[in-house]
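Mind docking chain B on chain A? Use the hints.
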Amino acid sequence: MKFASEFRDRELVSGIVEKIGDVCRHDWTLMEFCGTHTVAIFRHGLKTLLPDRLRLVSGPGCPVCVTSRADIDRILSLSDTPGSIVATYGDMMKVPGSTMNLSERRARGADIRMVYSSYDAIALAEKNPEKKVFFIGIGFETTAPSTAAAVLKAAEAGLGNFFVLALHKRTPPVVGALIEHGTSVDGFICPGHVCSIIGAKPLEPVASVWKKPCVVAGFEPSDVLQAIYMLIRQLEEGRSEVEIEYLRAVSYDGNANALAAIDRVFATTSSEWRGIGMVEDTGLMLRDEFSRLDAAPFTDRDITSRPDPAGCKCGDVLRGDLIPTQCPLFGKTCTPQNPVGPCMVSSEGSCAAYYQYAGE
Amino acid sequence: MCLAIPALIVEKDGVRAKANIGGVVREISLEIVDLPAEVGDYVLVHAGFAIHKLEKEYALETLRLMREVLG
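Heads up: the sequence lines are chains A and B, in that order. Residues in the first sequence are numbered from 93 upward in steps of one, following this note's numbering. Residues in the second sequence are numbered from 7 upward in steps of one, following this note's numbering.
Pulled out of the complex, with its shape left as it was, chain A reads as follows (with noise of 0.2 Å):
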């Protein structure tokens, strides 16, 4: 077992694809939450496999593509703190802020670098002791615990270099965001890598209160297929639950260790998101015993929320109430290589994965 390739079985595939037809009897939109998912849905080609009545929208979902232009603007401004090094995961380097990325800013003399993992960052705080290190702490669940760990291991060493600028954000508050926003949406396809963490408990208000099916999904080809399947079964039958299709990955009450890390050190509050604005609850701060640590005393304080670009529809792709294609810019004035807009960045965004992968 290799936890991989027995999902991605051609016969498995086709088999699952035919029972979808079978049980599909309505029109039926479901929004993948999770831009990990996105991909997969284009790389495989899934969409081409699925019936004509069945729609797939991306949600918002990838955590590069939600942090807003004040948050880049705040890590670009962390970077002017003389003898600093700012330290990032790759996805955020070309990320546009107001006036410049952090590629730009680092072309301009800026000492930013990207680090694979949370302790990368303390390695480098450890190393440059005259240095002042700041880890940008970004992403959902799934990473939220690493920098966890990070904070914990910093404060045991005493390290006093190293600070985190914390980004993170919630997941399950946003979904009803969106809802209550108003959507087209029938049911999630939920986020398997964020739900290994939480576990799919958190996601019962948006089956019960809202009724909106959710499954929790896995990666491979046969696992999303499967998700639609059960989804689509759901909604023909009438009902509205949280289910887990990615069995060997999610519990329902998820990760202990890793949520009690997440809660020893951070504590909730509201957070912005590109395109929907601020969501109750779905941002996470330093708990004021490691205020020590926290790297916003550093950052400009005079930066306020800022618009999208004039034109840029990230905000109603990032909702699913638009496809990246009917975006006026796509593929114009914005691409991968020359992006206006976050879903251009990230190689997660939906308009990159559009992109790529020539639409639909």
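Honestly, the hints are just simulated from the structure, not real lab data.
Here are the simulated lysine-lysine pairs, BS3-like style, with alpha carbons at most 30 Å apart:
no., chain 1, residue 1, chain 2, residue 2
1, B, 59, B, 24
2, A, 219, B, 24
3, A, 111, A, 303
4, A, 94, A, 111
5, A, 245, B, 59
6, B, 24, A, 245
7, B, 18, A, 219
8, A, 111, B, 62
9, A, 139, A, 293
10, A, 94, B, 24
11, A, 139, A, 186
12, A, 219, A, 186
13, B, 59, A, 293
14, B, 62, A, 293
15, B, 59, A, 94
16, A, 94, B, 62
17, B, 18, A, 245
18, A, 186, A, 223
19, A, 94, B, 18
20, A, 139, A, 111
Frame of chain A; chain B shown alone:
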């Protein structure tokens, strides 16, 4: 960004381990994994951290459910 990849643990020293991730051996942390994981176990790795121990019975159960669908 929420990509997590199955990896085989090949060495372990406390909460530090080395894992074969698609042919590349990297150091990973076992600090936040949900269940005790040993050499020979598969874990899901995200940003240098094992986040979940993969267990064969659950994978087989999913494959069984998928095939059951096929009737």
